[in-house]
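K.L.:
My request is simple: use the sequences and hints to build the entire structure.
Protein chains: 2
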Amino acid sequence: MKMKKEEKGVTAASGFSAAGIHCGLKKTGKKDLALIYSSRPAAAAGVFTQNRFQAAPVIVTRRHIASGSARAIVCNSGNANACSGEQGLYDAKRMAEVAAEKLGLQAEEVLVASTGVIGSNLPMEKIEAGIEKAAGLLSPDGWRDAAEAILTTDLVAKNAAYSLEIGGKMVTAGGIAKGSGMICPNMATMLSFVTTDCAITPDLLQRALRQTVDYSYNLITVDGDTSTNDMALVLANGMAQNPLIAEENDDFRRFVELLQQVNTELAQKIVRDGEGASKFLEVTVKNAPSYADGKKIALGILNSNLVKTAFFGEDANWGRIISAIGQTDADFDPERVDIFLGDLQVARNGCGLPFSEERAKEILAERDISIMVDLHLGKEKVTAWGSDLSYEYVRINASYRS
Amino acid sequence: MKMKKEEKGVTAASGFSAAGIHCGLKKTGKKDLALIYSSRPAAAAGVFTQNRFQAAPVIVTRRHIASGSARAIVCNSGNANACSGEQGLYDAKRMAEVAAEKLGLQAEEVLVASTGVIGSNLPMEKIEAGIEKAAGLLSPDGWRDAAEAILTTDLVAKNAAYSLEIGGKMVTAGGIAKGSGMICPNMATMLSFVTTDCAITPDLLQRALRQTVDYSYNLITVDGDTSTNDMALVLANGMAQNPLIAEENDDFRRFVELLQQVNTELAQKIVRDGEGASKFLEVTVKNAPSYADGKKIALGILNSNLVKTAFFGEDANWGRIISAIGQTDADFDPERVDIFLGDLQVARNGCGLPFSEERAKEILAERDISIMVDLHLGKEKVTAWGSDLSYEYVRINASYRS
Numbered sequence: 001m002k003m004k005k006e007e008k009g010v011t012a013a014s015g016f017s018a019a020g021i022h023c024g025l026k027k028t029g030k031k032d033l034a035l036i037y038s039s040r041p042a043a044a045a046g047v048f049t050q051n052r053f054q055a056a057p058v059i060v061t062r063r064h065i066a067s068g069s070a071r072a073i074v075c076n077s078g079n080a081n082a083c084s085g086e087q088g089l090y091d092a093k094r095m096a097e098v099a100a101e102k103l104g105l106q107a108e109e110v111l112v113a114s115t116g117v118i119g120s121n122l123p124m125e126k127i128e129a130g131i132e133k134a135a136g137l138l139s140p141d142g143w144r145d146a147a148e149a150i151l152t153t154d155l156v157a158k159n160a161a162y163s164l165e166i167g168g169k170m171v172t173a174g175g176i177a178k179g180s181g182m183i184c185p186n187m188a189t190m191l192s193f194v195t196t197d198c199a200i201t202p203d204l205l206q207r208a209l210r211q212t213v214d215y216s217y218n219l220i221t222v223d224g225d226t227s228t229n230d231m232a233l234v235l236a237n238g239m240a241q242n243p244l245i246a247e248e249n250d251d252f253r254r255f256v257e258l259l260q261q262v263n264t265e266l267a268q269k270i271v272r273d274g275e276g277a278s279k280f281l282e283v284t285v286k287n288a289p290s291y292a293d294g295k296k297i298a299l300g301i302l303n304s305n306l307v308k309t310a311f312f313g314e315d316a317n318w319g320r321i322i323s324a325i326g327q328t329d330a331d332f333d334p335e336r337v338d339i340f341l342g343d344l345q346v347a348r349n350g351c352g353l354p355f356s357e358e359r360a361k362e363i364l365a366e367r368d369i370s371i372m373v374d375l376h377l378g379k380e381k382v383t384a385w386g387s388d389l390s391y392e393y394v395r396i397n398a399s400y401r402s
Numbered sequence: 001m002k003m004k005k006e007e008k009g010v011t012a013a014s015g016f017s018a019a020g021i022h023c024g025l026k027k028t029g030k031k032d033l034a035l036i037y038s039s040r041p042a043a044a045a046g047v048f049t050q051n052r053f054q055a056a057p058v059i060v061t062r063r064h065i066a067s068g069s070a071r072a073i074v075c076n077s078g079n080a081n082a083c084s085g086e087q088g089l090y091d092a093k094r095m096a097e098v099a100a101e102k103l104g105l106q107a108e109e110v111l112v113a114s115t116g117v118i119g120s121n122l123p124m125e126k127i128e129a130g131i132e133k134a135a136g137l138l139s140p141d142g143w144r145d146a147a148e149a150i151l152t153t154d155l156v157a158k159n160a161a162y163s164l165e166i167g168g169k170m171v172t173a174g175g176i177a178k179g180s181g182m183i184c185p186n187m188a189t190m191l192s193f194v195t196t197d198c199a200i201t202p203d204l205l206q207r208a209l210r211q212t213v214d215y216s217y218n219l220i221t222v223d224g225d226t227s228t229n230d231m232a233l234v235l236a237n238g239m240a241q242n243p244l245i246a247e248e249n250d251d252f253r254r255f256v257e258l259l260q261q262v263n264t265e266l267a268q269k270i271v272r273d274g275e276g277a278s279k280f281l282e283v284t285v286k287n288a289p290s291y292a293d294g295k296k297i298a299l300g301i302l303n304s305n306l307v308k309t310a311f312f313g314e315d316a317n318w319g320r321i322i323s324a325i326g327q328t329d330a331d332f333d334p335e336r337v338d339i340f341l342g343d344l345q346v347a348r349n350g351c352g353l354p355f356s357e358e359r360a361k362e363i364l365a366e367r368d369i370s371i372m373v374d375l376h377l378g379k380e381k382v383t384a385w386g387s388d389l390s391y392e393y394v395r396i397n398a399s400y401r402s
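Protein chains in written order, with my numbering: chain Z, 1 to 402; chain C, 1 to 402.
Think of the hints as simulated: they come from the structure by calculation, not from any bench. Keep in mind that the hints are not guaranteed to be accurate.
Identical copies carry no separate label here, and so any pair may be met within one copy or between two of them.
[What the hints assert, rightly or not] Derived DSSO-like pairs: lysine-lysine, alpha-carbon spacing no greater than 30 Å straight-line:
1) K133 to K169
2) K361 to K4
3) K361 to K296
4) K381 to K361
P.N.:
Quick look at the structure:
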């Protein structure tokens, strides 16, 4: 049986409800507080930013998730509660406590996230009133509002949900994500909250999350910057009543497939909504000696400002791709590298080929552009995604705080 | 006796002449071929790009400089002769041969450099005619023309020259440089040619060059990208008649001081002329546990697109500086980091401080901005330089090839 796409987000799975409201953090009046809730106890797993400055909500959520279970996620946008000192840590804990009170849970069952400007303390009166309001609005229909409430510079809300039969039952996973700048491998500024009704142990849920993050959020880049606040969380409440997944069996592999689908779709949506992005770039590195080498090259290309501006300008400047490959420490042989833009080969054995500028123009005029690099050195294949670098990226980031 | 600034460039030292002409590579009619010549045999040293794709002139110049001596440098702009196959290698050798014929030298005494678009072959008829023409125009007054002829997207020519008494004689060193994009540590797209009349052995010249490059060109960044063509060359013809420097004595240290002054000035001029740069950013990391840690942090800050766009927007978004520090693998303690913009402290112990936005605005409105990071963890201090990321950077790089 095939995977089925669901027209829903973080409440697609049984037993989950959500809400998103404006509590007063965003001057624009847009939604800035999201709440996600499971009506049953759920296994919980998380992957967190690698940045050495860890925001207060990251510290608190790491502690709360250590037990392997949780029932709610509360997230504000507009203020990252990062580099915010003892007060920041107190406030992050308080967010969990207030949500727990309103939902009849223990504070440790609530996971906390924040995104926005670094270095200010949260206006806790607004947040506390907001959590109370959101708790009263929790509904299976709240997924759209929750998706909006976690956005910052994002232009569109990001949802994805799929179902797949696992162990004779239909299991659903759905999620929301935010992120449009500071996007780079190893959990750059992005948040992703996925819920599922799969029955799975916390250990295997963590394993599945770790693995799918590596092949989704860790293969995208907008600007090579990471942040203090990133996290990917997943809650699994077992309401699909499939046989509990407690080992790496076929059911586990099917669940990974399902979770991968959701996370990959959310990751690609983040890139498509990259700050100022006018192009969606897909880089595939073929015949790499190892996955790690292929990944370094794919992300090296996607992180080069010179490559990114050339694609913004629709300029077939493949020399910059060569140069970006050459500055990685990946294992490859410069004299074997072939490069294709779409179906057009522009370099063979590391040297330029004469090619039709007209055909190149057509390919580069598209919004979605594939770049393929064949290393002719092994058997591994890696695909990663990124965006171009536009005037709009500069405009957005030159005035973010103001 | 103090160092004396000379109002000259690459011909400031005795016995050197230069020329710069238009041979037909640049459609604009601007100068695109430079020749530098020593009337006496000279010790020669070079430092080259770390990019795995090495352009043909890099390969040829590495071979020619292996002997430790050279008497001329020929450089074209407008075409990088990189990723240009066997033909490219043949052409780079041919450039040296033609220059040698015209100057009565061996081909091995001529060093070759190219800068410009990657992946096309050189129009050798134009180059050969250009070399002949330039050879006829060699003059001590040719330094301005030579400086212009090596530029690509640079807006201004870059010269620096100084004199210092060494071993009882006045020794002069002067040079030219190009580079305005693809500028990053480890010899990003930049060329630097320095000449000196110092008497010094090739070994010690190489040592002095390596050391001064580390503290000049390797401490600047424009966009984090490196190139296939970079090199820093120095020729030393001994005409100052100082006692030959053949060991690391006081004279050697004075020569390093002189060469450092020239290379640091050229490096800073490259950053000031960075593509689209509207700001000159100086980042000092104090009290680092090691020089390497301090350098990683200084360059990590200067390479962050988010930091760069914030400075372009004159936005005191120090959270991005924190985040850029946090994503390096340098050794530091997040809870001890202090940050200053100019004389204004904006973060203490890794947390935000209330500060005067008015004073911040004044500081950020300047063209030259100092950022100071105090790690409170050791005794090393590193200063590096970079530029902001502007609309103009995107404009220049979106249409470079066209």
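K.L.:
Find the hints from earlier in the document that the structure breaks and name them by number, from lowest to highest.
P.N.:
When the structure is compared with the hints, numbers 1 and 2 turn out to be violated.
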